[in-house]
Every structure is written in C-alpha cells, then in structure tokens.
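Top to bottom, those sequences are chains A and B.
FYI, the numbering used here numbers position 337 of the first sequence as 337, with every residue one higher than the one before it.
FYI, the numbering used here numbers position 468 of the second sequence as 468, with every residue one higher than the one before it.
Simulated from the structure, these hints should not be mistaken for lab results.
Hints may be right or wrong, so weigh each one.
The list treats identical chains as one, so a pair stands whether inside a single copy or across any two.
[As the list claims (entries may be wrong)] Listed next, the in silico BS3-like pairs over lysine-lysine satisfying Cα-Cα at most 25 Å (straight line):
#1 Lys157 with Lys282
#2 Lys283 with Lys138
#3 Lys138 with Lys266
#4 Lys6 with Lys266
#5 Lys283 with Lys6
#6 Lys282 with Lys85
#7 Lys266 with Lys285
Protein chains: 2
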Amino acid sequence: MSNARKRIAALRELMIKAGLDAYHVPSTDPHQSEYVPACWQRRQWLSGFSGSAGDVVVTRSTAGLWTDGRYFLQAADELRGSGIKLFKQGMRGVPTLAAYLGSTLQRGQTLGVDPQLLSRAVETELSAALEPAGARLKLVEGNLVDRLWTDRPPPSKAPVEILPAELAGERVRAKLRRLRDAMAERRAAAHVLTTLDAIAWLFNIRSADVEYNPVVIAYAIVTEDAARVFCDLEKVTPAVRRALAPVELLPYEATGAELARLARGKGVVWVDGRGVNVWVLKKLKGCALLTDPSPIHAMKARKNPTEIAGMRAAHVRDGRAMVRFLAWLDEAVPGGGVTELGAAARLAALRAEGERYRGESFETIAAYGAHGAIIHYGPTEATDVPLRPEGIFLIDAGGQYLDGTTDITRTVLLGPQATAEQRDRFTRVLKGHIAVARCRFPAGTAGRQLDTLARASLWEAGLNYNHGTGHGVGFYLNVHEGPQAISPTRCTGVPLEEGNILSNEPGYYQEGDYGIRLENLVLVVEDREASTEESPWLRFETITLCPIDTRLVEVELLTAEERTWLDTYHAGVREALAGGLSAKELGWLQRATAPL
Amino acid sequence: MSNARKRIAALRELMIKAGLDAYHVPSTDPHQSEYVPACWQRRQWLSGFSGSAGDVVVTRSTAGLWTDGRYFLQAADELRGSGIKLFKQGMRGVPTLAAYLGSTLQRGQTLGVDPQLLSRAVETELSAALEPAGARLKLVEGNLVDRLWTDRPPPSKAPVEILPAELAGERVRAKLRRLRDAMAERRAAAHVLTTLDAIAWLFNIRSADVEYNPVVIAYAIVTEDAARVFCDLEKVTPAVRRALAPVELLPYEATGAELARLARGKGVVWVDGRGVNVWVLKKLKGCALLTDPSPIHAMKARKNPTEIAGMRAAHVRDGRAMVRFLAWLDEAVPGGGVTELGAAARLAALRAEGERYRGESFETIAAYGAHGAIIHYGPTEATDVPLRPEGIFLIDAGGQYLDGTTDITRTVLLGPQATAEQRDRFTRVLKGHIAVARCRFPAGTAGRQLDTLARASLWEAGLNYNHGTGHGVGFYLNVHEGPQAISPTRCTGVPLEEGNILSNEPGYYQEGDYGIRLENLVLVVEDREASTEESPWLRFETITLCPIDTRLVEVELLTAEERTWLDTYHAGVREALAGGLSAKELGWLQRATAPL
Numbered sequence: 001m002s003n004a005r006k007r008i009a010a011l012r013e014l015m016i017k018a019g020l021d022a023y024h025v026p027s028t029d030p031h032q033s034e035y036v037p038a039c040w041q042r043r044q045w046l047s048g049f050s051g052s053a054g055d056v057v058v059t060r061s062t063a064g065l066w067t068d069g070r071y072f073l074q075a076a077d078e079l080r081g082s083g084i085k086l087f088k089q090g091m092r093g094v095p096t097l098a099a100y101l102g103s104t105l106q107r108g109q110t111l112g113v114d115p116q117l118l119s120r121a122v123e124t125e126l127s128a129a130l131e132p133a134g135a136r137l138k139l140v141e142g143n144l145v146d147r148l149w150t151d152r153p154p155p156s157k158a159p160v161e162i163l164p165a166e167l168a169g170e171r172v173r174a175k176l177r178r179l180r181d182a183m184a185e186r187r188a189a190a191h192v193l194t195t196l197d198a199i200a201w202l203f204n205i206r207s208a209d210v211e212y213n214p215v216v217i218a219y220a221i222v223t224e225d226a227a228r229v230f231c232d233l234e235k236v237t238p239a240v241r242r243a244l245a246p247v248e249l250l251p252y253e254a255t256g257a258e259l260a261r262l263a264r265g266k267g268v269v270w271v272d273g274r275g276v277n278v279w280v281l282k283k284l285k286g287c288a289l290l291t292d293p294s295p296i297h298a299m300k301a302r303k304n305p306t307e308i309a310g311m312r313a314a315h316v317r318d319g320r321a322m323v324r325f326l327a328w329l330d331e332a333v334p335g336g337g338v339t340e341l342g343a344a345a346r347l348a349a350l351r352a353e354g355e356r357y358r359g360e361s362f363e364t365i366a367a368y369g370a371h372g373a374i375i376h377y378g379p380t381e382a383t384d385v386p387l388r389p390e391g392i393f394l395i396d397a398g399g400q401y402l403d404g405t406t407d408i409t410r411t412v413l414l415g416p417q418a419t420a421e422q423r424d425r426f427t428r429v430l431k432g433h434i435a436v437a438r439c440r441f442p443a444g445t446a447g448r449q450l451d452t453l454a455r456a457s458l459w460e461a462g463l464n465y466n467h468g469t470g471h472g473v474g475f476y477l478n479v480h481e482g483p484q485a486i487s488p489t490r491c492t493g494v495p496l497e498e499g500n501i502l503s504n505e506p507g508y509y510q511e512g513d514y515g516i517r518l519e520n521l522v523l524v525v526e527d528r529e530a531s532t533e534e535s536p537w538l539r540f541e542t543i544t545l546c547p548i549d550t551r552l553v554e555v556e557l558l559t560a561e562e563r564t565w566l567d568t569y570h571a572g573v574r575e576a577l578a579g580g581l582s583a584k585e586l587g588w589l590q591r592a593t594a595p596l
Numbered sequence: 001m002s003n004a005r006k007r008i009a010a011l012r013e014l015m016i017k018a019g020l021d022a023y024h025v026p027s028t029d030p031h032q033s034e035y036v037p038a039c040w041q042r043r044q045w046l047s048g049f050s051g052s053a054g055d056v057v058v059t060r061s062t063a064g065l066w067t068d069g070r071y072f073l074q075a076a077d078e079l080r081g082s083g084i085k086l087f088k089q090g091m092r093g094v095p096t097l098a099a100y101l102g103s104t105l106q107r108g109q110t111l112g113v114d115p116q117l118l119s120r121a122v123e124t125e126l127s128a129a130l131e132p133a134g135a136r137l138k139l140v141e142g143n144l145v146d147r148l149w150t151d152r153p154p155p156s157k158a159p160v161e162i163l164p165a166e167l168a169g170e171r172v173r174a175k176l177r178r179l180r181d182a183m184a185e186r187r188a189a190a191h192v193l194t195t196l197d198a199i200a201w202l203f204n205i206r207s208a209d210v211e212y213n214p215v216v217i218a219y220a221i222v223t224e225d226a227a228r229v230f231c232d233l234e235k236v237t238p239a240v241r242r243a244l245a246p247v248e249l250l251p252y253e254a255t256g257a258e259l260a261r262l263a264r265g266k267g268v269v270w271v272d273g274r275g276v277n278v279w280v281l282k283k284l285k286g287c288a289l290l291t292d293p294s295p296i297h298a299m300k301a302r303k304n305p306t307e308i309a310g311m312r313a314a315h316v317r318d319g320r321a322m323v324r325f326l327a328w329l330d331e332a333v334p335g336g337g338v339t340e341l342g343a344a345a346r347l348a349a350l351r352a353e354g355e356r357y358r359g360e361s362f363e364t365i366a367a368y369g370a371h372g373a374i375i376h377y378g379p380t381e382a383t384d385v386p387l388r389p390e391g392i393f394l395i396d397a398g399g400q401y402l403d404g405t406t407d408i409t410r411t412v413l414l415g416p417q418a419t420a421e422q423r424d425r426f427t428r429v430l431k432g433h434i435a436v437a438r439c440r441f442p443a444g445t446a447g448r449q450l451d452t453l454a455r456a457s458l459w460e461a462g463l464n465y466n467h468g469t470g471h472g473v474g475f476y477l478n479v480h481e482g483p484q485a486i487s488p489t490r491c492t493g494v495p496l497e498e499g500n501i502l503s504n505e506p507g508y509y510q511e512g513d514y515g516i517r518l519e520n521l522v523l524v525v526e527d528r529e530a531s532t533e534e535s536p537w538l539r540f541e542t543i544t545l546c547p548i549d550t551r552l553v554e555v556e557l558l559t560a561e562e563r564t565w566l567d568t569y570h571a572g573v574r575e576a577l578a579g580g581l582s583a584k585e586l587g588w589l590q591r592a593t594a595p596l
C-alpha cells in the first residue's frame with residue numbers, strides 16, 4: 001500500500017473519532033503563503049503531490065486533489081497508486097472543490113477544516129456550497145494531519161536579519177509613518193498583518209524560514225503608538241532586537257491573546273480580508289473590522305528608487321551568470337555528460353560567484369525536450385536526463401540577492417537546427433513577449449488587460465498556453481507577489497503603478513515534445529511621450545539582461561518594429577554585461593546579440 | 001431657485017423627520033434595471049440629470065451625483081445650478097460614493113436607503129464603508145422621493161404580449177424544464193426571478209413597461225411543480241392568461257407574501273445575489289438561500305437557432321434601413337435643412353418601413369462634430385444643430401424587431417475630405433474593430449480578455465476611449481444584457497459561449513471636436529479550423545450589415561489581412577442587402593462597398 005493510502009486511511013480514523021464526514025487539507029499555511037515552510041507542508045506529506053498549489057479533500061470513501069494547469073502532468077504522475085483522484089481546475093466539466101463537496105455531502109454531514117488554514121473567501125465559498133446540501137463546515141482546532149505526521153520537520157530556527165536602510169531604500173519608521181497615514185485615512189486604530197512578505201517588507205527583516213522566500217514566520221500588529229512583531233524569539237539576537245527598537249518583539253504564540261485584547265478595544269481593526277485566516281478573525285470577533293486590502297501590498301509593490309537601482313544591479317550580475325551559463329552550455333552539451341540537474345547546478349554555482357547572492361528564488365526548472373512541456377517541471381534524480389546536441393532546452397531560474405530578486409526563462413536550441421514548427425512557435429511566443437514589452441497603456445490599466453497582447457500571435461494560429469503571462473516580483477522577497485499581475489484569471493483588477501515589477505513570460509507547450517517560454521522582468525515606468533497633465537500613461541522597461549536565442553527565430557514572421565525591438569534589446573544587453581566577462585564569454589555574447 | 005435645489009431642500013425636511021443624516025437615491029429600480037420605467041425615475045426627477053446611470057446622495061448639507069465616463073459632460077451640464085456636486089467615477093482622487101459617505105458621516109449618524117432599490121453588493125459596500133466611521137445603514141420602507149413627487153407618472157398599463165414559439169425558438173415548458181434541471185443540480189426547491197429581461201425570456205412574454213426595453217414589470221417564482229408570475233393583472237388579457245397556462249399569474253403586490261411563504265418552507269431558495277434587492281432578501285430571511293448567478297442569464301445569452309436566424313433576418317432589414325439612410329444623408333446634407341434630430345427621425349422612419357419593427361432599442365445618438373465626443377449624447381430641441389457638408393457625423397441607433405434587436409454605430413464623413421488626424425484616428429478605431437472581429441480564442445476565454453485587442457492600435461499612439469468595447473445584446477429584449485461583455489471593468493469573468501451576441505464598438509473621442517465609433521454586432525460561433533476534440537475554439541461572426549465609410553480610412557495603416565477583412569465584409573454586405581433597394585440606393589451601396 002502506498003504511503004498516501006496508509007496516511008489517508010489513518011486520517012479517516014481520526015475523522016471518524018471527530019465526527020467528520022470530510023476533511024480539508026489545503027496547500028497553504030496560517031499566513032496564506034504560496035510556498036509553505038517544511039513543517040506545514042501537510043498536503044504534500046499526506047498526498048505525495050509536491051507541487052506548490054493543490055488542495056486535498058478526504059471523505060469517508062473518496063479523496064481528491066484539486067490543482068491548476070501548471071501541475072496536471074506532475075500531479076497525475078505523483079498521485080499514481082494513491083487512490084486520490086485528480087481534479088483539473090478550470091477544465092470543462094470538472095467541479096470545483098466546493099461544488100464537489102456540495103454534491104457529495106448529505107444533509108447533516110460535516111466538513112472539518114483547520115481555521116488557521118482557512119481563508120475567509122474559502123470559508124464563504126465552502127459554506128455557500130454546503131448550505132443547500134444541508135451539510136456544514138466545522139472548524140476543528142489543531143490540525144488532524146499533524147497528529148499522524150510523527151516525523152514532522154521542526155520549525156526553522158534561521159536567524160532574523162536586518163536589511164539595512166541603504167539596501168531597503170526606506171527606514172522602518174518612514175514605512176510605519178506611511179502605514180499609519182493610511183490607517184488614519186480609514187480611521188483604523190490597529191492594523192493586523194498576517195502575510196509574511198508584508199511583514200518582512202514593513203520591518204526591513206529577512207530570514208530563511210521558507211525555502212526560496214527570505215521571510216520570517218510572524219504576525220504583526222501596528223497601532224498608532226506601537227508596532228509589535230510576533231515570532232520565534234529564539235531566532236532574534238539582542239543586536240537585532242536593539243536595531244528594531246522601538247518595534248517590540250513578542251512570542252509567536254502570544255498573537256492570539258493580543259488579537260483578543262484588540263477585539264475588546266473600541267477602535268477599528270484593519271486586517272486584509274484576503275490574507276487573513278478564520279482563526280484570526282475569530283479572535284477579533286466583536287470589534288469593528290475593516291477588511292479592505294492592506295495598503296502594504298501596494299506600498300511594497302511600488303519599488304522605491306533604491307530598490308529599483310538594486311534590482312538593476314542584481315540583474316547585471318544575474319545576466320552575467322546567465323551568459324556564462326549559456327556560453328558553457330553551447331560548448332559542453334556536444335561533449336556529453338551534461339544533465340538537467342547538472343545544468344541547474346552549474347547555473348546556481350555561476351550565480352553564487354556574483355556579489356550579494358543569497359540563494360535561488362525558486363526551484364530551478366531545467367527541462368530538456370518533452371520535459372519542457374511540463375510547465376513547472378523540476379528535475380529530480382529519478383527524472384534527470386542528459387542533454388544531447390539536438391532539440392530544445394528550457395531553463396527557468398532565479399536568484400535572491402541582498403539587493404534584488406531575479407526570475408528569468410530562456411529556451412535555447414541545443415542542436416544544429418530547429419524544426420519549422422519549433423521556429424514558428426518560438427517566434428509567436430517572442431511576438432507576444434515583445435507586444436507586452438513594447439506596449440504603452442493609460443494609467444488605471446490593470447495587468448489582466450495586457451495578458452491577451454501576449455497571446456494574440458499564438459491565438460491566430462489556434463495555439464495558447466495554460467498559465468498567466470506575468471506575476472509581480474518582490475525586492476529580495478518572494479518571487480511571486482501581488483497585487484500586480486498580468487493574468488486573465490486573477491480578478492483583482494488592481495491598476496499597474498510606476499515602480500511595479502512583473503514578469504513577462506508567454507510560452508508554448510507541445511505535450512510529449514518540447515516547451516518554450518521566454519521570460520524577462522519588466523519595470524513599470526511613466527511613458528513621458530504619451531502622458532498629458534490630466535492623463536498619465538505608463539509603459540514597461542525590461543530589466544532582465546540576457547540574449548534571446550535568435551537561432552530559434554523565424555525572422556520573416558517579425559514586423560519591422562519587432563525586429564527593431566529585439567536588436568535594440570540585444571544591444572543593451574551587450575553593453576550592460578560586456579564588462580565582467582572573459583574574452584571567450586564576450587565572444588559568445590557578441591555572436592548571441594548580433595543584429596538579426 | 002432651480003427645481004433640483006427645491007426638491008433637495010424638501011427631501012432634507014423628510015430626512016430630518018425620519019432622523020436620517022443622509023439619503024441614497026440610486027438610479028435603479030426594484031429589479032436592478034439599467035433603464036427604469038418613468039414612474040421609478042426618482043434620481044432624474046430629484047437631480048435633473050437624465051443619463052441612464054448615476055446615483056445621488058443627499059446629506060444635511062451636501063448633495064452629490066456619482067456617474068461614469070459616458071456622462072461626465074452631460075452631467076456637468078444638467079447639474080448646473082442644482083447645488084449637486086459631480087463625482088466622476090474612476091477618475092484619480094475621486095472617492096467612491098461609499099468612501100465619500102465613510103469619510104463624511106460621523107459616529108452615530110445614519111444613511112437612509114430604500115431596501116427595494118438596494119442590491120446586496122451595494123449594501124455590503126456601504127456597510128463596510130460606514131462601519132469604521134461608526135455610522136450605519138437604515139432601511140427605510142417607502143421611498144422618500146415618492147412623497148415629494150406629486151405628479152409622478154402612473155405605472156405602465158401596456159398589455160402583456162406572447163412571443164410565439166416560432167419566433168422565440170423554444171417553448172416555455174422546455175425553458176422551464178431546463179431551469180428545473182439546473183435547480184435540481186443545485187438542490188434548489190425554488191428559484192426567485194427578479195430581473196425583468198430574465199422573466200420576459202423565460203415566459204416568452206413582452207410588453208412596453210420600460211422605454212426601449214420590451215419587458216414586463218414583474219417578479220416570478222419557479223418551483224418544481226409551479227411557475228408564478230407576479231405582475232399588474234390589468235395588463236393581462238384572458239387570451240394571454242390562457243396561453244400562459246399552466247403558468248399562474250398573480251398580482252405584483254402579492255410577491256412579498258409569497259416570498260415570506262417560501263421563507264417558512266424547508267427547501268433551498270435560489271435567488272441571483274447580484275440581481276436581487278434587499279427587500280426580497282429580507283422577505284426570504286430564515287430559509288436556506290443559494291445566491292449564485294441565476295442560470296437563466298447564461299441560457300438567455302446563448303441564442304438558439306431560431307433566435308440566431310431571426311437576428312440575422314432582422315439585421316438584413318436593419319441594414320437596408322441604414323443604407324437608405326446613409327445614401328439619403330450623402331445627398332441631403334449638402335442641400336441643407338438636415339439636423340441631428342431630423343436625421344435620427346429619418347432613420348427611425350426608414351426602420352419602421354421594415355417588417356416586424358417594434359420601435360427603437362435605445363435613444364438614438366445622432367451627434368455632429370463636437371457632439372460626437374459626448375459619448376452618450378442624445379440630441380434635444382435645445383442642443384440640435386444642422387448638419388453641414390463638412391466634418392464627421394456619428395450615428396448610434398438600434399431597432400427592436402419581433403425577431404431580433406439591433407444596435408449599430410457608423411461614423412461618416414459629411415464633407416469632401418477629412419483631416420489627416422481624423423483619418424488616422426478612424427483607421428486606428430477600425431483596426432481595433434477588425435482585431436476583435438477576426439480574432440479566434442480558446443473556449444473558456446472571457447470577453448474582458450478581448451477588450452485590449454480593440455485598443456492596441458490606439459494605445460500605440462497614446463490614445464484610448466473611456467468605455468467598454470462590447471456589451472451583450474438580447475433577442476427582442478434589452479439592448480444591454482449580461483453576463484457576456486467585452487469590457488475591462490466588468491469583473492464577472494464569464495467565458496464567452498457559442499450563441500452569445502455582443503457589440504464590437506471601439507471609438508475615439510476628441511473633446512470639443514469630433515467623435516468616432518464603429519459598432520457591429522457579433523455572434524460567437526465555433527472556430528472549426530482551430531478546434532480539437534479536447535479543446536474547442538471560438539470566433540466571432542459579424543451579423544451587422546452596413547458599409548463602413550472608406551472615405552475615412554487611411555489605407556496605408558491597414559495590414560494586408562485587415563484590408564482583406566474589410567473588402568470581404570463589404571462584399572458580404574453588398575450581397576445580403578442588394579435585393580431590397582432602389583436602383584439609386586443600390587448604386588450608392590455599390591460605391592460604398594467597392595474594394596479598397
């Protein structure tokens with residue numbers, strides 16, 4: 001019997017004891033994190049599915065996993081033998097998790113949920129689905145999975161570090177002043193922070209509590225005259241404590257009592273309704289609650305001049321590492337012995353040679369041939385394959401630097417020639433990438449309005465890709481951050497703002513054959529040419545510096561403007577990166593960035 | 001003192017008596033209608049503002065109107081001297097109505113609202129804004145404005161008519177069967193219908209209770225074994241009552257009691273959370289409520305083959321009226337004596353010569369020169385101007401036919417030559433129109449994803465238009481219907497489906513100078529070329545038939561594909577319309593549709 005089968009059977013016994021007919025094991029943690037610390041990766045432990053997104057529901061007789069297009073192939077693979085049915089979110093005829101429960105549970109039955117892992121939105125959705133069925137949600141304190149998971153990893157003891165103001169660009173007291181101004185405008189007496197990157201940004205602190213994301217597991221509460229961070233105090237040295245003063249540091253476990261104290265007060269408490277869990281809301285019960293989005297997200301998303309300068313500088317170092325890597329790849333692959341894992345390790349090692357490097361910003365996707373079509377493929381010992389001098393190799397990787405976060409995808413030709421189809425598809429993806437990179441748009445435009453620009457050339461040929469075009473990127477923080485995004489499905493509709501940084505990454509995936517993705521980060525800047533006094537316009541400036549493989553480009557498919565964009569981009573890459581390279585690498589860069 | 005000032009002063013007296021610090025006078029009616037019957041046009045009576053959208057709030061010392069970009073100029077004009085401040089929705093720094101109240105009302109103060117005119121969404125938004133201020137919402141039964149409006153028009157007594165099945169394409173019992181299937185799937189025992197076009201569609205009834213919209217003022221309730229329509233029974237002849245049986249007809253005033261009866265039952269009651277007012281929800285209090293969107297909207301939006309054939313046939317008649325009109329315009333304008341109102345009347349008269357014509361589908365926009373830049377300009381005796389043989393004329397008009405609804409905009413040159421700027425702008429609008437008309441997209445795509453295709457060419461030049469690109473259109477029903485739309489701001493994200501009909505109407509407006517808009521209706525059809533078994537693709541088929549003025553086209557700005565589209569469209573128009581025209585009109589049509 002597979003691990004997952006045994007664990008689910010054991011979970012069912014706990015469910016029966018607790019009088020539950022179904023139990024919800026979401027992917028997230030108490031802070032609604034996308035990437036969760038090892039000690040909270042309950043869904044992965046239970047199901048065996050290792051993707052970053054996917055919720056499990058176990059009933060007395062069934063078990064299901066809901067995940068999105070990035071993970072359909074991986075999930076099908078990892079769930080084999082588990083008895084867990086895969087529900088492909090967004091596909092025709094596939095019920096949502098809530099709809100499934102609504103049609104499966106009977107009158108009087110209960111769905112158990114851990115209030116710390118339940119967002120208000122999911123609570124509303126589940127309740128709405130269960131109510132017509134006569135079933136109900138039951139908040140069960142203490143996670144059932146934890147009772148089974150005897151070798152659960154301990155929580156991180158990584159030290160909390162201060163990000164100095166010369167890197168962060170703004171002191172904590174200045175950030176607190178802006179936050180308190182926003183609170184005053186909404187008449188809020190307290191602001192409860194629950195998402196980890198918001199807390200790291202506000203207090204200029206970083207740690208290593210979550211893989212790839214340099215955040216601190218914490219809650220925080222800001223009032224007019226106090227700012228309190230609740231975290232594992234063993235992680236805080238006296239020097240850090242002194243540096244943070246007058247911000248107070250309290251134990252993570254003290255959060256509940258402090259929330260209850262706030263709830264007994266008279267003032268309005270502001271907590272972001274999207275980032276908060278139901279456990280926090282229950283503690284706050286009784287107070288006047290404001291649940292609009294926290295102003296911190298937008299503040300954090302508008303990078304300040306120091307952050308922007310840091311991001312640019314980090315991208316020069318990152319671009320040099322990428323150039324060294326690609327030059328090495330061209331030379332090494334024909335000799336044999338290079339595998340996906342080897343290539344990923346080589347790139348990480350080259351990045352590590354750069355200054356201020358702190359590690360990867362997410363798990364590297366190094367995908368050769370058919371693996372490229374698995375959108376979030378990460379090579380393992382079991383799947384690793386050698387790279388041969390033929391076909392297409394896709395690498396999507398990023399670095400965390402003290403002065404920035406990078407995320408880049410390049411798709412390169414390993415053999416002498418690509419097929420006509422591959423060239424056509426690569427060029428359509430490139431046209432989409434350029435359409436986003438070149439576009440100007442009126443202030444007030446939401447990122448989701450730009451998504452189709454990246455798809456139009458593929459759509460013309462009846463082709464598409466099953467993921468968004470871009471996500472926000474943090475400053476030495478999470479590689480995925482909101483609210484900014486270029487995506488059709490995220491419905492926030494938040495306008496893009498000057499200083500936002502996003503990825504621009506259209507792709508195309510031919511299942512069983514190859515994958516193409518082309519990703520640069522872009523910075524939102526004012527478009528001075530189009531702006532007028534009453535109507536400001538914006539555009540993107542591409543900050544990622546690395547050649548795009550012109551051997552895969554079907555030049556005839558490009559318009560004159562698109563050709564100019566690519567040549568100009570390459571000239572800029574050459575100029576920015578030339579300085580720190582060996583003669584051999586420089587020769588490669590010059591060839592790779594030669595005009596079309 | 002202006003009428004509005006006097007009326008607001010009188011309203012304040014009633015507010016004081018009722019202990020209210022502010023009162024909300026929205027644009028809508030108990031059915032959340034966009035266009036409301038004359039007897040419910042309270043906001044217009046109070047404020048003098050005659051646009052179709054705009055809410056008023058009166059406090060003890062201030063009064064404000066919130067409206068959208070379509071009406072900024074008109075509202076500024078009509079509010080002059082009223083003492084009502086104009087709040088331009090969506091403009092930088094302009095608070096929403098809710099935010100304004102949140103920052104204006106003090107602790108303990110109350111905002112009065114008519115529960116029949118309050119949607120759940122607005123209630124939530126207002127409550128959320130008032131709570132931090134310590135102010136609150138008070139539901140006041142009986143509208144305060146009605147007590148002042150002594151010469152209020154009586155409700156419509158227009159007869160209820162049956163739309164025969166050979167025109168509707170589906171019998172009421174078949175529609176009810178589909179609805180009951182959808183109810184069973186969601187375990188709903190009853191479905192409460194509150195929006196007028198949904199009721200008209202479900203029961204194949206039409207009337208003239210609202211100008212331009214052939215709906216019946218009614219509520220309806222469908223259960224497993226009964227279907228009840230609540231309307232003014234004086235409007236129903238015995239023949240109609242017999243034709244509708246077994247559907248029961250009950251007085252409009254009986255709705256409340258029937259809702260209360262439902263609330264006492266055990267079954268789940270389904271009422272569309274977006275279309276329902278708070279009065280209905282209060283009556284339903286206590287029952288298990290399902291508030292997902294009514295399945296009727298999507299059913300109604302997917303036109304059946306008979307409806308599609310009817311829409312096509314109506315567009316042939318409508319297109320001939322348009323061709324006659326445009327040919328007449330070319331000849332008549334140089335002779336003098338044609339005004340905006342005269343042109344609008346001429347078009348209506350030409351439409352009325354066609355079979356099955358029932359009237360206009362909205363107030364005609366006939367806008368010459370600078371009037372064209374007022375997006376929803378409707379000429380009045382006071383604003384009417386003569387058309388001279390120079391510059392640009394914009395006409396946006398539509399017809400109601402027993403077998404369809406039309407909505408078309410053409411922008412035509414009245415003089416010998418347009419300016420280079422006008423030709424550039426017209427051509428960019430045309431490029432956007434063609435981009436939507438030609439695009440293919442995977443099933444699952446929401447209309448809002450296509451909006452930017454229509455803007456891209458304008459954006460390139462730093463230009464834009466301040467309205468959506470397309471709205472759904474009903475079948476001999478409201479010219480605006482949901483859920484389908486091509487708009488960046490409507491966040492429903494409902495995918496477009498085969499059989500949906502929408503407008504495709506990009507524009508450009510040069511304030512004080514001219515306006516350009518180009519509108520055809522499009523039908524969503526399967527794209528057989530791109531569809532595969534597991535992944536269906538869709539495209540649009542343009543159903544509006546009328547030449548586009550090539551005198552305004554800068555041919556060099558068009559790509560080869562765009563030129564082919566326009567020539568092919570014109571060839572189709574010529575072929576479809578040639579039959580019913582005079583020799584002179586035919587000559588005009590041939591010239592107007594000659595290849596570029």
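Going through the hints against the structure:
For the homomeric pair Lys157 and Lys282, neither the shortest alpha-carbon distance inside one copy (29 Å) nor that between copies (53 Å) is at most 25 Å. Taking identical chains as interchangeable, the C-alpha atoms of Lys283 and Lys138 lie at most 25 Å apart only when both belong to the same chain, with a minimum of 16 Å there against 28 Å between chains. Taking the shortest Cα distances, Lys138 and Lys266 sit within 25 Å of each other only across copies (22 Å), while inside one copy they are farther apart (30 Å). Taking identical chains as interchangeable, the C-alpha atoms of Lys6 and Lys266 are never at most 25 Å apart, the minima being 50 Å within one chain and 41 Å between chains.
Neither within a single protomer nor between protomers do Lys283 and Lys6 lie at most 25 Å apart by alpha-carbon distance, with minima of 35 Å and 50 Å respectively. Within a single copy, Lys282 and Lys85 get their C-alpha atoms no closer than 33 Å, and across copies no closer than 41 Å, so neither meets the 25 Å cut-off. When the C-alpha separation of Lys266 and Lys285 is checked against a cutoff of 25 Å, the pair qualifies only within one copy, where the shortest distance is 12 Å, while the shortest distance between copies is 30 Å.
Hint compliance for this structure: hints 1, 4, 5 and 6 are not met, and every other hint is.
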